[in-house]
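**Q** Its first residue numbered 1, the sequence shown is counted upward by one per residue in the UniProt record's numbering.
Since the hints were derived computationally from the structure, they do not count as laboratory data.
Quick caveat: nothing in here was measured; it's all calculated off a predicted structure.
Please note that a few of the clues may not be correct.
Unchecked claim - What follows is a set of in silico ranges between Cβ atoms, one per label pair, in the way DEER data are often shown:
1. ILE7 with CYS31: 22 to 32 Å
2. ARG180 with GLU129: 23 to 33 Å
3. THR123 with ILE85: 37 to 47 Å
4. ILE85 with ALA106: 48 to 58 Å
5. VAL178 with ILE12: 38 to 48 Å
6. ALA106 with VAL147: 32 to 42 Å
7. ASP119 with ILE85: 44 to 54 Å
8. GLN26 with ILE85: 35 to 45 Å
9. ALA154 with PHE87: 56 to 66 Å
10. ASP34 with ALA14: 24 to 34 Å
11. ALA14 with ASP119: 48 to 58 Å
12. GLY11 with ASP57: 41 to 51 Å
Think of the CB as a built atom: it goes at the ideal place given N, C-alpha and C, for glycine as much as any other residue.
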Amino acid sequence: MIPKIQITSQGILAPSTQEVIDGLWQVMRGCFGDNLNTDMNTPQGQLVTTLTAIITDERHVFINLLNSFDPRYADGMMQDALAYIYFLQRKRATKSVAEVMINGLANTVIPVGFQVADDSGKTWSTQIEARIGDDGLATVNVHCDVVGRVTASAGTINRVIKNVNGIDSAVNKTAAIVGRGEESR
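Given the sequences, and given the hints that come with them, work out the whole structure.
**A** What follows is the structure in structure tokens.
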């Protein structure tokens with residue numbers, strides 16, 4: 001007889017792989033007689049090996065599912081589902097944001113998606129359209145194209161990626177507001 005999973009007050013108890021193998025051989029002997037060759041290299045041995053792998057894999061999936069209902073072990077979408085019962089949501093990742101001063105020709109339109117880069121090569125993009133004022137300056141917010149904690153000190157976002165007629169230069173006068181990674185366990 002193949003031993004079963006037991007759910008007790010102490011938790012989930014699964015039989016070992018060897019116990020499953022022994023149980024399968026017991027079933028095989030019950031079907032084909034006690035003089036059955038139990039060598040693992042025989043066809044019936046290969047069948048026992050394959051069935052053992054299937055049974056233990058399925059049991060591990062089942063145990064993982066049962067554990068995912070416990071907040072101490074839940075992960076990913078199951079952790080989100082448990083939190084949702086209590087009206088909680090995981091804090092999503094955010095992008096770092098910097099204020100950039102753009103210098104150029106008055107009335108030049110700064111398009112959505114205009115990109116500048118920082119000294120480390122990360123790109124930052126505008127989210128809205130802006131226009132350079134009569135003084136030749138425009139202050140716009142740029143969001144880092146990489147989600148999470150990206151730092152940029154003052155003066156480090158300073159390279160225009162794709163030239164736009166009428167834009168001469170761009171630089172952040174202050175440090176970026178640092179984003180955050182997605183909340184984990």
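**Q** Hints first: check each against the structure and report whether it holds.
**A** Taking the hints in turn, this is what the structure says about them:
{"no.": "1", "hint": "ILE7 with CYS31: 22 to 32 Å", "in the structure": "holds (29 Å)"}
{"no.": "2", "hint": "ARG180 with GLU129: 23 to 33 Å", "in the structure": "holds (27 Å)"}
{"no.": "3", "hint": "THR123 with ILE85: 37 to 47 Å", "in the structure": "holds (40 Å)"}
{"no.": "4", "hint": "ILE85 with ALA106: 48 to 58 Å", "in the structure": "holds (56 Å)"}
{"no.": "5", "hint": "VAL178 with ILE12: 38 to 48 Å", "in the structure": "holds (42 Å)"}
{"no.": "6", "hint": "ALA106 with VAL147: 32 to 42 Å", "in the structure": "holds (35 Å)"}
{"no.": "7", "hint": "ASP119 with ILE85: 44 to 54 Å", "in the structure": "holds (46 Å)"}
{"no.": "8", "hint": "GLN26 with ILE85: 35 to 45 Å", "in the structure": "holds (43 Å)"}
{"no.": "9", "hint": "ALA154 with PHE87: 56 to 66 Å", "in the structure": "violated (40 Å)"}
{"no.": "10", "hint": "ASP34 with ALA14: 24 to 34 Å", "in the structure": "holds (28 Å)"}
{"no.": "11", "hint": "ALA14 with ASP119: 48 to 58 Å", "in the structure": "holds (54 Å)"}
{"no.": "12", "hint": "GLY11 with ASP57: 41 to 51 Å", "in the structure": "violated (20 Å)"}
The structure fails to meet hints 9, 12 from the earlier list, while all remaining hints are met.
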